[in-house]
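Under this note's numbering, residues 1 to 204 are what the sequence shown spells out, in order.
Quick caveat, the hints were computed from the structure, so don't treat them as lab data. Errors might be hidden in some of the hints.
[Said to hold, decoys possible] Here are the simulated EDC-like pairs of lysine to aspartate or glutamate, each with C-alpha atoms no more than 16 Å apart in a straight line:
id: 1; residue 1: K110; residue 2: D20
id: 2; residue 1: K71; residue 2: E158
id: 3; residue 1: K33; residue 2: D58
id: 4; residue 1: K69; residue 2: D20
id: 5; residue 1: K70; residue 2: D10
id: 6; residue 1: K71; residue 2: D20
id: 7; residue 1: K33; residue 2: E180
id: 8; residue 1: K69; residue 2: E144
id: 9; residue 1: K33; residue 2: D10
id: 10; residue 1: K71; residue 2: D138
id: 11; residue 1: K70; residue 2: E192
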Amino acid sequence: MTEATAGETDATVTLLLLGDAGCGKSTFLSRLKRGKKPSPSQPGAAADNTVEALRDSDQPFIYDIRFSKKKFTLELYDTASPNQHWSTLHPDVVVLAFDISNRETLAGLKEWRQDIIRYFQHGHGERIPVMMLGLKRDLRQEGEDIIYPQETYRIAQELRCDSYAECSAVTGELLAETFEDLARMAGMTTTEKGGQTAGGCNIL
């Protein structure tokens, strides 16, 4: 990302986070709001992995972004807000979130993807940039139901997502990189090319 030059017009990009309840969306947004990775308070101490609770009244969560010599405001909405049903929003980017440790939340993405088409794509061939996001990366454990990145990447392609990323909001692993990827996709929606990926899904 580069610094914006004087005189440029600010744009607002709306990003909507969709996914099953309990998959980690609110924790992810809370950690982004905190703006830093967990860190030990004293040398040799354990990292502080506490995450503050978010209030629905805090939405949208606002970030000022600079991308490709432009500056814009990124508005993030979670689906938990009871004050405004998510289908009434007009998002520029949608994030399909799931819990890496819960295969049911991964299977549920297919229905969420259909909802995106139903509510936000009103013309033939019209598409909206979509990222698939695996949360709770720190809970991935070896076992019969383990969800490997190769599987999620394949599903992201099947669901015609433009990008795939995964991170842990608790440990901070890949959190900064994921936010950079989100900001880049949001920034592309303000350009003539748009935020969709040509030729397939990008993986982080």
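* With a cut-off of 16 Å on the C-alpha distance, tell me whether K33 and E180 pass. => Status holds; Cα separation ~14 Å.
* To do: Measure nothing beyond the straight line between the CA atoms of K70 and E192; if it is 16 Å or shorter, mark the hint as holding.
  => 13 Å, holds
* Given the hinted pair K71 and D20, is their alpha-carbon gap at most 16 Å? -> Between K71 and D20 the Cα gap is close to 32 Å, so the pair fails against 16 Å, i.e. violated.
* CA of K71 to CA of E158, is that 16 Å or under? -> Measuring from Cα to Cα gives roughly 33 Å; hence the hint is violated.
* Straight-line Cα separation of K110 and D20 no greater than 16 Å? -> Holds. K110 to D20 sits at ~11 Å (cutoff 16 Å).
* To do: Assess, step by step, whether the Cα of K33 is no farther than 16 Å from the Cα of D10, and give holds or violated.
  => 21 Å, violated
* To do: Quickly compare the C-alpha distance for K71 and D138 to 16 Å and report which way the hint goes.
  => Outside the cut-off at roughly 33 Å; violated.
* Could you grab the alpha-carbon distance between K70 and D10 and see if it respects the 16 Å cut-off? => 8 Å, holds
* Taken at face value, is the distance from the CA of D58 to the CA of K33 at most 16 Å? -> 11 Å, holds
* Asked: Does E144 lie within 16 Å of K69 when you go C-alpha to C-alpha?
  -> Measuring from Cα to Cα gives roughly 47 Å; hence the hint is violated.
* Given pair status - D20, K69, alpha carbons within 16 Å -> 36 Å, violated
When each numbered hint is compared with the structure, violations occur for hints 2, 4, 6, 8, 9 and 10.
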